[in-house]
Amino acid sequence: PDAISPKILREEHTKPKTSIVLDNFYKFWAEHNHVCTGSVLMRTNVVKRTGGQRSELRITEDLEFWAYLATFGKWGFIPKVLFVSDGGKVSKEQGWIKKNKKRWESAPSIENWEERIIKRINRDNLHSYKIARGRIARNLIYSMIQSNRTQLARSSALRYGDNFPKNKMSTLLKLSSRYTATWEITCELLKLKEKFRLIK
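Following my numbering, the numbering of the sequence shown begins with 128 at its first residue and continues without gaps.
These aren't lab readings, by the way, just hints derived from the structure by calculation. Keep in mind the model is a prediction, meaning the values are calculated, not measured. Where hints are given, some of them may not hold.
FRET-style restraints, in silico, Cβ to Cβ [what the hints assert, rightly or not]:
id	residue 1	residue 2	range
1	E242	N294	25 to 33 Å
2	K320	T177	30 to 38 Å
3	F323	E242	31 to 39 Å
4	L302	T171	43 to 51 Å
5	E158	G179	25 to 33 Å
As a list, the in silico BS3-like pairs of lysine-lysine whose alpha-carbon atoms are at most 30 Å apart [claimed, not checked]:
id	residue 1	residue 2
6	K144	K229
7	K229	K257
8	K154	K322
9	K295	K154
10	K322	K295
11	K228	K201
12	K225	K293
13	K322	K301
14	K201	K226
15	K154	K246
16	K322	K228
17	K225	K175
18	K320	K301
19	K175	K246
20	K229	K301
21	K257	K144
22	K295	K228
23	K207	K293
24	K228	K320
25	K301	K226
26	K301	K154
27	K257	K320
28	K229	K207
29	K322	K229
30	K144	K225
31	K246	K320
32	K295	K257
33	K293	K144
34	K301	K225
35	K201	K229
36	K201	K320
37	K225	K322
38	K144	K226
Backbone N, C-alpha and C fix where the C-beta goes; we use that ideal spot for every residue, glycine too.
Go ahead and model the full structure; you've got the sequences and the hints to work with.
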């Protein structure tokens, strides 16, 4: 099915009527996950001040940069659908899963991912940042599992799980991380899940 993201743009009663300036970028991100789907425009002088993206990151490197940019000034949000896609079809046609194997293997620890962001976070934004970070943590933990770094994945789930987004995968990771046996079973099932995708 066609997908329009973020969800805030799918219905007229939820879509902002005009462009808005985000007082708290991380809160908006935590609620709407808009940075994974939009086109980003930024001032060149700000980009130069930040030093740009971290070249050593091969997964979620764009999200790290957006989160870091937010420590240098305010973001805006333009509520306009730029394109509609069928994510499943694109993934199948472009061999997304096979390409992602290398990205899974290069996934950093959450502490590594956030090292330059956390140093600049305003205390007033810290709580909402942690919730937004929960989205990133959940995805990086999944990558760690797929690249057989299951112990690092478990310790990360125990540390950051309270801020995972509310969905079935998050619940599974949080609950299973409490015990070694359930964690090992969960990791094997999730790896099998991806293997079956590759076979199709």
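Consistency of the hints with the structure:
1. E242 <-> N294: 25 to 33 Å: The hinted range 25 to 33 Å holds for E242 and N294, with Cβ atoms some 27 Å apart.
2. K320 <-> T177: 30 to 38 Å: This hint holds: roughly 37 Å between Cβ atoms.
3. F323 <-> E242: 31 to 39 Å: holds, 35 Å
4. L302 <-> T171: 43 to 51 Å: Since the Cβ atoms of L302 and T171 sit about 46 Å apart, the hinted range of 43 to 51 Å holds.
5. E158 <-> G179: 25 to 33 Å: Holds: the Cβ-Cβ distance is about 28 Å, inside 25 to 33 Å.
6. K144 <-> K229: violated, 41 Å
7. K229 <-> K257: Since the Cα atoms of K229 and K257 sit roughly 27 Å apart, the hinted pair holds (cutoff 30 Å).
8. K154 <-> K322: violated, 35 Å
9. K295 <-> K154: holds, 22 Å
10. K322 <-> K295: Holds, because 20 Å separates the two Cα atoms, which is no more than 30 Å.
11. K228 <-> K201: Not OK: K228 and K201 at ~35 Å, beyond 30 Å, violated.
12. K225 <-> K293: holds, 27 Å
13. K322 <-> K301: OK: K322 and K301 at ~23 Å, within 30 Å.
14. K201 <-> K226: Not satisfied, since the Cα-Cα distance of roughly 34 Å exceeds 30 Å.
15. K154 <-> K246: Satisfied, since the Cα-Cα distance of roughly 18 Å is no more than 30 Å.
16. K322 <-> K228: Answer holds: K322 to K228 is near 11 Å, not above 30 Å.
17. K225 <-> K175: violated, 34 Å
18. K320 <-> K301: holds, 18 Å
19. K175 <-> K246: At roughly 18 Å apart (the allowed maximum being 30 Å), K246 and K175 satisfy the hint.
20. K229 <-> K301: holds, 25 Å
21. K257 <-> K144: holds, 28 Å
22. K295 <-> K228: holds, 23 Å
23. K207 <-> K293: Holds, at roughly 26 Å.
24. K228 <-> K320: holds, 13 Å
25. K301 <-> K226: holds, 27 Å
26. K301 <-> K154: Given that 30 Å is the threshold and the Cα spacing comes to 22 Å, the pair holds.
27. K257 <-> K320: Distance ~29 Å between K257 and K320 Cα, so the pair holds.
28. K229 <-> K207: violated, 33 Å
29. K322 <-> K229: OK: K322 and K229 at ~14 Å, within 30 Å.
30. K144 <-> K225: violated, 40 Å
31. K246 <-> K320: Violated: K246 and K320 sit about 37 Å apart, past 30 Å.
32. K295 <-> K257: holds, 20 Å
33. K293 <-> K144: holds, 27 Å
34. K301 <-> K225: holds, 27 Å
35. K201 <-> K229: Roughly 34 Å between the alpha carbons, so the hint for K201 and K229 is violated.
36. K201 <-> K320: violated, 40 Å
37. K225 <-> K322: Roughly 10 Å separates the two Cα atoms, so the pair holds.
38. K144 <-> K226: violated, 38 Å
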